[in-house]
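Engineer: First to last, the sequence lines map onto chains A and B.
Each residue of the first sequence is one higher than the one before, counting from 201 in our numbering.
Each residue of the second sequence is one higher than the one before, counting from 5 in our numbering.
Derived by calculation from the structure, the hints in this document are not laboratory data.
For glycine and all other residues, C-beta sits at the position ideal for the given N, C-alpha and C.
Be careful, since some hints might not be right.
Stated by the list, open to error - Covered stretches of chain B (in silico footprint by chain A; criterion: 3 or more residues with CB under 8 Å from a CB of chain A, positions within the stretch not fixed):
(1) 21 to 30
(2) 36 to 45
Stated by the list, open to error - To give an idea of the chain A side of the interface with chain B (calculated C-beta under 8 Å), a few residues:
(3) R526
(4) T531
(5) E565
Unchecked claim - Negatives, chain B to chain A, calculated, CB over 12 Å:
(6) D67
(7) E138
(8) R207
(9) K216
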Amino acid sequence: MSGWSRAGWARPAGSSRERSSRGSWVSRLGPLAERGWARAWAFSARGARALAREWGRSLQLRVAVTTLVVSGALVLIIGLFLVDQISNGVLRAKRSAAIAQVDTARTPATTALGGANFGDPQGVVNAVHTLKRELASSRADAGLYRVVIKTDVPLDDADVFDSEPVPAGLVALVEQGRRAIQYERIRSSPNGSLVPGLIIGEPVQGRGGLFELYYLFPLNVEQDTIALVQRTVLFAGIGLVLFVAMIAVLVTRQVVRPVRVAARTAARVAGGDLSQRIRVRGHDDIAQLGEAFNAMAGSLQRQIQRLEQLSRLQRRFTSDVSHELRTPLTTIRMAAEVLHARRGDFPPQVARSAELLQAELDRFEVLLGDLLEISRYDAGVARLEADDIDLRSVVTRAVDAHRMLATRHGCEITVQLPDARVSVQIDSRRIERILRNLLGNAIDHGDCHPVLVTVGADDAAAAVTVRDHGVGLRPGEAAFVFDRFWRGDPSRSRLTGGTGLGLAISLEDARLHGGWLQAWGERGAGAQFRLTLPRRVGQPLSSSPLPLEPADAVGSSS
Amino acid sequence: MKPRVLVVDDDSALAEMLGIVLRADGFDPAFVPDGNRAVTAFRDSKPDIVLLDLMLPGLSGLDVCRAIRAESGVPIIMLTAKSDTVDIVLGLESGADDYVVKPFKPKELVARMRARLRHHDDIASESLTIGPPESPVSIDVPGHQVRRNGGAIALTPLEFDLLVALARKPRQVFTREVLLEQVWGYRHAADTRLVNVHVQRLRSKVERDPEKPEIVLTVRGVGYKAGPP
């Protein structure tokens with residue numbers, strides 16, 4: 201094959217003509233074409249990006265393309281090998297046949313030309329004519345080949361010799377008296393077009409000179425055969441590759457479809473629709489996947505329903521306890537009120553009992569309220585009802601509510617507010633509850649020292665600190681102050697009648713806002729509580745506008 | 005003449021105790037223990053004010069509230085054991101004027117009742133006009149009449165008080181706390197939900213389009229004010 205492919209008869213001048221014509225077309229259209237190319241480039245770039253995205257997402261596409269590439273390469277190799285083998289076979293057979301025919305023709309050639317004497321030009325001419333006639337008549341398979349006869353001896357009348365050009369290398373070999381074979385483009389008839397062919401050069405020794413006989417075998421039949429084989433292999437190959445790719449697509453589809461269904465269903469389950477299930481058919485691996493998924497979803501659904509029911513029961517219980525306890529408590533409260541109002545008519549011990557009953561009912565009520573509030577948090581039913589509110593007004597309200605108590609305990613409350621409005625999205629009821637708690641604690645533990653309330657704000661957050669100068673906290677206690685029913689110093693009496701749940705509820709209130717409630721304290725240096733709130737609901741906090749450790753305490757620590 | 009009170013509560017001990025307290029404070033109480041008989045009892049006794057427990061056997065407190073509100077503007081105060089927003093807002097939306105959460109102090113209850121029963125020192129022939137010029141709302145304060153385009157609008161006494169409070173100072177913005185004090189008689193700020201719900205109810209009666217209020221305007225972050233006269 202390599203021999204005649206080097207001869208290049210497959211496609212000679214055509215391709216270069218094509219190239220030149222495209223060049224002129226591009227140059228003619230000029231900038232317009234360039235813009236077109238640019239657009240096509242942009243379009244294909246976009247297409248490539250989309251394809252890359254799809255490539256990453258679709259297993260089916262990946263399998264199909266991989267199969268296509270691998271089977272394509274395989275088919276290409278096999279195809280090339282096949283075509284090569286067949287072409288070589290065909291050419292080898294033709295060559296053997298040609299050599300056989302040349303051998304057959306040798307006897308008449310030697311007979312006709314062997315006696316020709318170059319000293320007698322007419323004799324040479326006659327001999328050549330005789331041979332030509334003979335070859336023409338003996339050649340039953342006429343048209344199989346053409347004979348070109350040349351000689352290296354110049355004769356006066358050389359018309360008898362053919363002027364057909366023959367490759368120089370071939371001529372050189374023949375002139376040395378050897379048979380030579382070469383593939384070359386030839387004319388099948390003196391005025392015919394060029395076709396691929398095989399030339400066999402045969403020297404015949406005449407007297408005083410050498411005749412060169414060139415047998416020209418046209419190979420167009422073989423070329424057609426090879427082209428047919430090439431086409432057949434090409435189309436069969438393409439068909440095979442497409443077929444394999446289609447099979448790959450169909451097979452992966454069988455796997456990918458259920459996987460996609462499973463992914464979609466899982467997404468829906470994750471989205472909250474717990475009743476979603478996969479329809480399972482058959483008993484294969486895919487069906488097992490579906491069954492396992494359904495079992496998982498079912499168990500998940502049962503668990504969540506159980507938890508929901510528990511939560512519902514808890515909520516119901518909270519609500520029921522609330523109602524059941526509160527109605528008799530109302531009656532008791534009113535009865536106590538009536539007794540309390542008439543205590544002047546009673547003997548002193550009974551009167552004191554009425555007073556104690558009244559006071560303890562107050563405590564009981566607050567405790568019940570706190571318990572219900574914290575159980576509401578535990579049940580996860582607390583809702584934030586945020587409004588745009590000036591934090592300063594909430595702080596002022598909370599401080600005003602505690603002024604009386606503070607004055608009663610000889611304790612002064614100082615408030616530092618920013619001049620500008622501090623608008624924050626808060627549930628004012630809850631924030632006021634936090635502040636009242638912090639103030640109550642500060643008065644409780646402040647040992648009659650002044651209490652300082654500071655409000656600060658930046659773009660993202662607002663903060664309130666409540667600073668007292670009382671006994672402070674022992675190291676490590678800052679972590680416990682928000683625990684339920686925790687008491688700093690059990691021996692200390694409570695002035696404000698706290699329930700022990702206040703700070704725990706305050707912490708939950710702050711968390712509900714997405715805010716922080718933190719404590720700082722040092723033995724003898726007092727304590728500071730800092731409430732930090734995001735300015736807008738849902739904004740994450742990263743820092744607080746006020747320091748947790750008060751400025752007057754920094755450095756005083758040992 | 006003692007003000008008549010209808011107490012709708014299924015807890016007999018509480019009802020009896022309420023009776024003692026109310027009589028001591030100069031009211032004339034009547035009692036009904038279940039929801040089904042509450043509306044009939046209301047028609048028979050024609051009370052000046054109703055105390056209504058929300059959790060009742062038979063017809064629920066909310067249904068009783070709606071039934072009474074459908075035929076009368078008499079003040080209704082809910083007695084509720086639930087302080088959850090949903091329950092309170094539901095109660096207010098079904099027509100209650102105010103609520104007290106159990107356990108309440110008798111003084112607090114009586115103060116609320118007196119605030120609802122308070123008769124305004126009506127100035128002779130005080131008349132107010134608010135709203136857009138092309139379709140104003142006129143209020144005849146002593147006559148307890150509200151008119152728009154000649155048609156009378158029926159308001160409960162509470163809604164009327166709320167509208168008058170806003171209309172008397174048309175340029176002033178009222179915070180919810182101030183309204184609570186002026187209209188409901190709360191000494192210190194309590195529950196602004198009360199104001200929100202009643203403003204909604206008032207708007208649904210006096211506004212042409214409650215979604216685009218012209219009579220009772222919201223001032224964001226502050227409170228409410230009357231629309232321009």
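Engineer: With reference to the structure, classify each hint as holding or not holding.
Structural biologist: To see whether the hints hold, each was checked on the structure:
1. 21 to 30: holds (count 5)
2. 36 to 45: violated (count 0)
3. R526: holds (4 Å)
4. T531: Holds - the Cβ of A:T531 comes within 8 Å of chain B, reaching about 5 Å at its closest.
5. E565: Hint on A:E565: holds, closest Cβ of chain B at ~6 Å, below 8 Å.
6. D67: B:D67 is indeed farther than 12 Å from all Cβ atoms of chain A, at 18 Å.
7. E138: holds (32 Å)
8. R207: Check passes; 18 Å lies beyond 12 Å.
9. K216: holds (21 Å)
The structure shown violates just one earlier hint, number 2.
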